[in-house]
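Student: Take a look at the letters that make up each chain.
2 protein chains.
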Amino acid sequence: MSNSEINKLDTSRYPQIEPNGSLLVAWQVKNRHVLVVGGGEVAASRIYHLLNANAKVTVIAPEINDEIKEREEKGLLYAVHRRHFHPSDLKLYETKKLPKLNNFSEDEYKKIDEWIIDSKFELVLVAIDDPIKSKQIYYLAKLQGLNVNIADVPPLCDFYFGAIFRKGFLQILISTNGKGPRMAKLLKDKIGQMFTDVEINKVLENINSVRQGAREYKLQGSENDIIKKRMDWMIKVTENYSIKEWSKIDEDQIDKIVESYPGELPKFPL
Amino acid sequence: MSNSEINKLDTSRYPQIEPNGSLLVAWQVKNRHVLVVGGGEVAASRIYHLLNANAKVTVIAPEINDEIKEREEKGLLYAVHRRHFHPSDLKLYETKKLPKLNNFSEDEYKKIDEWIIDSKFELVLVAIDDPIKSKQIYYLAKLQGLNVNIADVPPLCDFYFGAIFRKGFLQILISTNGKGPRMAKLLKDKIGQMFTDVEINKVLENINSVRQGAREYKLQGSENDIIKKRMDWMIKVTENYSIKEWSKIDEDQIDKIVESYPGELPKFPL
Chain A
1 MSNSEINKLD TSRYPQIEPN GSLLVAWQVK NRHVLVVGGG EVAASRIYHL LNANAKVTVI
61 APEINDEIKE REEKGLLYAV HRRHFHPSDL KLYETKKLPK LNNFSEDEYK KIDEWIIDSK
121 FELVLVAIDD PIKSKQIYYL AKLQGLNVNI ADVPPLCDFY FGAIFRKGFL QILISTNGKG
181 PRMAKLLKDK IGQMFTDVEI NKVLENINSV RQGAREYKLQ GSENDIIKKR MDWMIKVTEN
241 YSIKEWSKID EDQIDKIVES YPGELPKFPL
Chain B
1 MSNSEINKLD TSRYPQIEPN GSLLVAWQVK NRHVLVVGGG EVAASRIYHL LNANAKVTVI
61 APEINDEIKE REEKGLLYAV HRRHFHPSDL KLYETKKLPK LNNFSEDEYK KIDEWIIDSK
121 FELVLVAIDD PIKSKQIYYL AKLQGLNVNI ADVPPLCDFY FGAIFRKGFL QILISTNGKG
181 PRMAKLLKDK IGQMFTDVEI NKVLENINSV RQGAREYKLQ GSENDIIKKR MDWMIKVTEN
241 YSIKEWSKID EDQIDKIVES YPGELPKFPL
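As you go down the protein sequences, you meet chains A and B in turn. Residues in the first sequence are numbered consecutively from 1, following our numbering. Residues in the second sequence are numbered consecutively from 1, following our numbering.
Any given hint could be a false lead.
Where chains are identical, the list cannot tell them apart; a pair therefore holds if satisfied intra-copy or between any two copies.
As the list claims (entries may be wrong) - Calculated cross-link-like contacts (lysine to aspartate or glutamate; reagent style EDC-like; alpha-carbon spacing at most 20 Å):
#1 244 x 108
#2 74 x 255
#3 228 x 41
#4 229 x 251
#5 256 x 41
#6 167 x 189
#7 244 x 189
#8 188 x 199
#9 120 x 130
#10 133 x 72
#11 167 x 245
#12 167 x 205
#13 244 x 199
#14 228 x 72
#15 97 x 118
#16 179 x 239
No wet-lab data here; the hints were simulated from the structure.
My request is simple: use the sequences and hints to build the entire structure.
Tutor: This is the structure:
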């Protein structure tokens, strides 16, 4: 191998591509219609996660289990139809009139927002024990441009679920790309242990208070220099204390940290 | 407060809803067209994550940065157009002919699959320094039923990104629902430390080998009883060893674990 060939190997300054993963994202279903077809345990789990994200959930199933019944009784579901799925259900809330977009005006934007919220299913989740019907629903929905997940049939999924840890604003998704759902759950529990005795929302508040404090401190220099200096310092501050330490810091200690700006940081305990 | 009122408080057997989160999912963009508008640092980061998930990436931007150029030179991008965005770009690959779905035949399904893969943008990601144009692209795309992310403008996002840890098949998304991106990065590094010296793919292989071994072991009883017994045992097995231990287990040790089925599990070191 010549020198020039060797130089070609992995000389990139940029992160190396590692294919065959998924694109992990936090989907925004707040106030958006989501359709759940099925009324069993998997459907109930989907509904739980959807409600945690403030979705407007419509359930269609001849029978629903006790968990879904309880969500219904508490008024958490947008609609429950105790019957089998029908193809027209995919357009349950669709209106004939598509909003206009000619002038790119705020008024037109508002009407499109309303149309998105009132008329469209953002996601279609199917969890029924009928592979043939599941497949039919998938292709019907895809032809209409909808995002679909057919439980337990990876090739018929626009997106997969995984194990989810939740504490306050913090959410963590552990995905093994379908290779090991049990390991994902195991890791979720292990990651969860990291946050015992940690008040996540307080950590976030504290970090934001420090940022706010640094922002109010008037430094010399151009606007760009000041922003860059503050950002660099914020990176150092955030990493200077552990999550457990950030969770224990009180107002006086925030002041101590801010006073050190833009210099050396005080050690914990402050 | 009467007894019946007390009984109403939190008597649910089901997980309590904790609203204002997102729906965390692993989006499947493998072989799907994704449009990236923009050629700067944020666009480059989006492209990196998209390529990790085998998307067909089309980039539209008058200029692209060195990282994107390198991806282009390595032939990793589907298309790069060095120009400004035009509304018709949202339909860049769309064909006029919508596939038919009359008979729900495998042949029709295949044509729909091809149409999805060849014609449609699964996601539209915008990362340009022009809030007015960004907003126009968002509403144009939404009217066409597309999934959109406008970088740094949460109200114009169907989905958010977060900090992502990757090791083999394992992917972990840390989201603070927009409240603390720096904390998300900090947590990502901390979670990453858990996996130092851990070969994730070996952990998954080992767990799957044990499951396979248990499956081959003939137990007495009905098919349902056998499946239930094996599933219960698999839960115990998975949790019996730490991730680091699972990563160190070799073939002989796998046999030892399988031999213990369905009884008491051997302790580590095996």
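Student: Would you mind marking each hint as holding or not holding in the structure?
Tutor: Now for the hints, and whether the structure bears them out:
1. Proximity of residue 244 to residue 108 under the C-alpha cut-off of 20 Å is found in neither arrangement, the shortest distances being 48 Å within a copy and 56 Å between copies.
2. Proximity of residue 74 and residue 255 under a CA criterion of 20 Å is satisfied in neither setting, with 44 Å inside one chain copy and 50 Å between copies.
3. With identical chains, the CA atoms of residue 228 and residue 41 are at most 20 Å apart between copies only, with a shortest distance of 16 Å across copies and 50 Å within one.
4. In the homo-oligomer, the alpha carbons of residue 229 and residue 251 never lie at most 20 Å apart, since the shortest distance is 23 Å inside one protomer and 54 Å across protomers.
5. Taking the closest pair of Cα atoms, residue 256 and residue 41 never come within 20 Å of each other, the shortest separation being 51 Å inside a single copy and 34 Å across copies.
6. For the identical chains of this complex, residue 167 and residue 189 are neighbours both inside a copy (13 Å) and across copies (18 Å), given an alpha-carbon limit of 20 Å.
7. In this assembly of identical chains, the alpha carbons of residue 244 and residue 189 lie at most 20 Å apart whether taken from the same copy (18 Å) or from different copies (15 Å).
8. When the C-alpha separation of residue 188 and residue 199 is checked against a cutoff of 20 Å, the pair qualifies both within a copy, at 18 Å, and between copies, at 17 Å.
9. When the C-alpha separation of residue 120 and residue 130 is checked against a cutoff of 20 Å, the pair qualifies neither within a copy, at 25 Å, nor between copies, at 28 Å.
10. In the homo-oligomer, the alpha carbons of residue 133 and residue 72 never lie at most 20 Å apart, since the shortest distance is 25 Å inside one protomer and 42 Å across protomers.
11. In this homomeric assembly, residue 167 and residue 245 come within 20 Å of each other (Cα to Cα) only inside a single copy, at 17 Å, whereas the closest approach across copies is 28 Å.
12. When the C-alpha separation of residue 167 and residue 205 is checked against a cutoff of 20 Å, the pair qualifies only within one copy, where the shortest distance is 14 Å, while the shortest distance between copies is 31 Å.
13. Proximity of residue 244 and residue 199 under a CA criterion of 20 Å is satisfied intra-copy only: 8 Å inside one chain copy versus 28 Å between copies.
14. Taking identical chains as interchangeable, the C-alpha atoms of residue 228 and residue 72 are never at most 20 Å apart, the minima being 51 Å within one chain and 30 Å between chains.
15. Taking the shortest alpha-carbon separations for residue 97 and residue 118, only the intra-copy value of 12 Å comes in at or below 20 Å, while the best inter-copy value is 28 Å.
16. In this assembly of identical chains, the alpha carbons of residue 179 and residue 239 lie at most 20 Å apart only when taken from different copies (17 Å versus 33 Å within one copy).
Checked against the numbered hints listed earlier, the structure breaks hints 1, 2, 4, 5, 9, 10 and 14; every other hint is satisfied.
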